[in-house]
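Trainee: From first to last, the protein sequence lines are chains A, B and C. Anchor point for the first sequence: position 174 equals 174 in the working numbering, and the numbering is continuous, going up by one each time. Anchor point for the second sequence: position 153 equals 153 in the working numbering, and the numbering is continuous, going up by one each time. Anchor point for the third sequence: position 150 equals 150 in the working numbering, and the numbering is continuous, going up by one each time.
If you are wondering where the hints come from, they were derived from the structure by calculation, not from laboratory data. Take the hints with a grain of salt, since some may be wrong.
[To be verified] For each label pair, taking beta carbons as the anchor points, the in silico distance ranges come out as:
| hint | chain 1 | residue 1 | chain 2 | residue 2 | range |
| --- | --- | --- | --- | --- | --- |
| 1 | A | Arg89 | B | Arg79 | 41 to 49 Å |
| 2 | C | Ala189 | B | Arg79 | 55 to 63 Å |
| 3 | B | Arg79 | A | Met233 | 52 to 60 Å |
| 4 | C | Leu19 | B | Gly90 | 28 to 36 Å |
| 5 | C | Ile15 | B | Gly33 | 13 to 21 Å |
| 6 | C | Ser82 | B | Thr26 | 52 to 60 Å |
| 7 | B | Glu134 | C | Val205 | 39 to 47 Å |
Note that the structure is a prediction, hence the values are computed from the model and not measured. We put the beta carbon where it would ideally sit given N, CA and C, even for glycine.
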Amino acid sequence: MALARKETTIEQPGVGTKQRGTRFPVVSLVLGTLSLIGMMVSIWMIFLYAPTDAVQGQPQRIFYFHVPMAWLGLLGFGVVTVAGIGYLRKRDERWDWVARASAELGAVFITLTLITGSIWGKTTWGTWWTWDARLTTTLILWFIYIGYLMLRSYMGRTHASARAGAVLAIIGIIDVPIIYESVNWWRTLHPAAEVGVPGALPPSVVLTLMVSLTVFTVFYCFLLIQLYQLQRMQAVAQRLRATIE
Amino acid sequence: MALLGANGSGKTTLLRILAALIKPDTGTVCIGGWDIERDAQQVRRLVGFVTHQPYLYDELTALENLLFFGRMYAVKRPRERAAELLQRVGLAKRAGERAGALSRGQAQRLALARALLHSPQLLLLDEPDTGLDEEGNALLETLLQEHIERGGTTLFTTHNLERALKLSDRIGMLGSGRVAYQQETGGLELGGVRQAYQEVLR
Amino acid sequence: MTFLAQVLAILWKDIRCELRSKQTWTGMGLFALLVLVIFNFAFDLRVDNKAAIAPGVLWVAFVFASLLGLGRTIAAEREKGSMDRLLLCPVDRKAMYLAKLLGNLLFIGVVEIVALPVYAALFNVPLFAGALLPIVLLGTLGVATIGTLFSAMAAATRARELLLPVLVFPLIVPVVISAVRATGSLIVAAPNEPPWLGLIAAFDVIFLSISMLMFEFVIEE
Chain A
1 MALARKETTI EQPGVGTKQR GTRFPVVSLV LGTLSLIGMM VSIWMIFLYA
51 PTDAVQGQPQ RIFYFHVPMA WLGLLGFGVV TVAGIGYLRK RDERWDWVAR
101 ASAELGAVFI TLTLITGSIW GKTTWGTWWT WDARLTTTLI LWFIYIGYLM
151 LRSYMGRTHA SARAGAVLAI IGIIDVPIIY ESVNWWRTLH PAAEVGVPGA
201 LPPSVVLTLM VSLTVFTVFY CFLLIQLYQL QRMQAVAQRL RATIE
Chain B
1 MALLGANGSG KTTLLRILAA LIKPDTGTVC IGGWDIERDA QQVRRLVGFV
51 THQPYLYDEL TALENLLFFG RMYAVKRPRE RAAELLQRVG LAKRAGERAG
101 ALSRGQAQRL ALARALLHSP QLLLLDEPDT GLDEEGNALL ETLLQEHIER
151 GGTTLFTTHN LERALKLSDR IGMLGSGRVA YQQETGGLEL GGVRQAYQEV
201 LR
Chain C
1 MTFLAQVLAI LWKDIRCELR SKQTWTGMGL FALLVLVIFN FAFDLRVDNK
51 AAIAPGVLWV AFVFASLLGL GRTIAAEREK GSMDRLLLCP VDRKAMYLAK
101 LLGNLLFIGV VEIVALPVYA ALFNVPLFAG ALLPIVLLGT LGVATIGTLF
151 SAMAAATRAR ELLLPVLVFP LIVPVVISAV RATGSLIVAA PNEPPWLGLI
201 AAFDVIFLSI SMLMFEFVIE E
């Protein structure tokens with residue numbers, strides 16, 4: 001009968017060995033620089049290049065921030081789910097680090113989405129909030145994010161916590177389209193102000209939007225790597241603490 | 001086999017891994033030809049586990065507890081088997097009592113009955129002597145003997161060196177998460193073992 | 001032992017244990033009643049506008065009562081800190097999930113059986129109008145599938161009473177919307193209603209399957 005080797009010392013392959021401060025220094029640098037330049041270009045485009053909206057005026061420019069952030073909020077959740085599935089199959093905690101990093105990032109972007117959406121709604125329709133399908137689903141996604149972060153926080157840094165998070169993410173991502181649809185159906189019975197840009201969009205607007213989306217995505221990747229490093233170091237710190245106690 | 005070690009050396013964790021309750025972080029474990037991670041359910045069928053907690057349902061009677069676990073382990077003719085084991089552990093008169101009302105020693109004996117219900121090949125016992133009185137300990141020894149005679153294997157942890165030497169044909173000691181000592185008990189004597197134990201504990 | 005037999009054996013054990021401990025059922029029934037009565041005062045339902053609010057009142061009461069009861073089956077299993085005694089057994093974890101789900105459904109069902117007639121009486125609403133039963137059943141199932149899975153997760157934490165609603169509420173929004181609308185359309189039939197019942201049914205099927213598969217990841221250490 002073979003006995004399982006349960007090591008209480010910290011040296012796990014691949015983590016304790018390279019004690020450099022950050023991994024992927026080159027990738028980080030590249031992404032960071034790209035983000036910086038991209039941001040500058042994007043901001044120039046948003047404020048100077050894109051045309052002023054005839055109906056909504058200057059506040060319409062929030063659109064170029066609001067949409068990418070919503071996209072990142074959704075992307076972030078997708079990454080959490082994929083990383084969660086990865087963890088369930090491989091039990092490699094690095095997947096979990098990605099999941100936690102993306103969850104924190106995504107939560108921030110969703111919060112910003114809600115804030116920008118709210119401001120936009122106020123300037124356009126005069127109300128801080130409107131129960132349209134998109135904003136409502138975003139709000140619910142925000143709650144799911146917060147629930148995820150709370151769950152991970154309460155359960156600590158354990159295998160059980162990582163698995164629970166993964167399950168939550170999987171359920172969440174399947175539910176989001178259903179939530180959207182149901183709110184949509186409900187809304188057709190209560191037509192309300194909609195936050196958005198109606199009609200066809202001129203090419204300069206589309207271009208600005210695309211640039212903004214790309215830049216923000218690059219920025220997201222950059223931030224993700226940084227947060228991943230943070231997660232890794234927190235995990236190492238926890239293990240070190242465990243051996244001391 | 002008897003397993004010794006300081007508290008926190010990983011004895012209980014090891015047993016729990018073998019009982020397929022938790023998964024090992026590294027390495028593979030095979031029991032009876034079944035890999036613990038891939039065929040966990042098969043492993044569970046072969047293993048009986050007794051630990052500090054009796055793993056019984058307080059609101060159910062002794063008999064109902066055994067009946068339930070008998071069904072869970074797909075035991076043939078669960079009622080008869082349950083009655084037989086209750087008799088064996090000396091709890092036949094208490095068959096209708098709630099498990100929560102049993103004394104510590106009685107609960108421990110019922111837990112033993114539960115572990116033996118499905119005639120496991122591997123019996124895992126985590127410090128089974130705690131909570132048992134003289135009579136209970138004698139019963140434990142008899143049951144272990146019977147189990148071994150039927151061809152089963154036993155792995156139990158204990159702090160009691162004498163009992164370890166008496167009941168097992170192999171002794172192992174865990175220290176800082178590794179197996180620090182392993183010997184057949186054939187020619188061993190208490191003094192030598194005690195010394196080795198002190199070494200490991202340090 | 002067949003899968004179904006395992007489910008029923010665990011369910012039977014849970015019911016026996018719960019019956020003998022006598023704690024949960026009466027509490028939940030009373031709670032649902034109280035909520036209904038309080039809502040009556042809070043919303044001051046006069047005859048004309050009740051159709052708009054009554055379904056919401058009912059489902060809020062059901063959802064809150066459900067959340068109270070959802071923790072029970074798992075908590076009972078986790079007595080003394082772990083589900084080990086059940087996990088030791090070579091029983092399919094999917095069967096464990098189904099047993100817990102059915103147990104939860106029974107508990108909530110008891111509450112609903114008590115609450116529905118009172119609801120009908122208080123708000124003067126026709127009770128046995130055709131489709132009420134399917135709506136209640138499917139809607140409750142929707143809440144329970146998600147709730148059973150998550151109660152296993154939350155049970156491992158200390159703030160489980162707080163965490164469970166936080167996790168469950170956002171996810172059951174489609175069920176709540178659909179159930180309220182569907183119940184409402186029984187009182188006041190509206191033209192061109194989307195197929196709410198269909199949505200709940202789809203939700204149930206999807207999340208029942210997923211939860212069944214995911215349960216083992218949540219209860220094993």
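Trainee: Identify every previously stated hint that the structure contradicts and give their numbers, smallest first.
Mentor: Going through the list in order, the structure violates hints 5, 6, 7 and respects the others.
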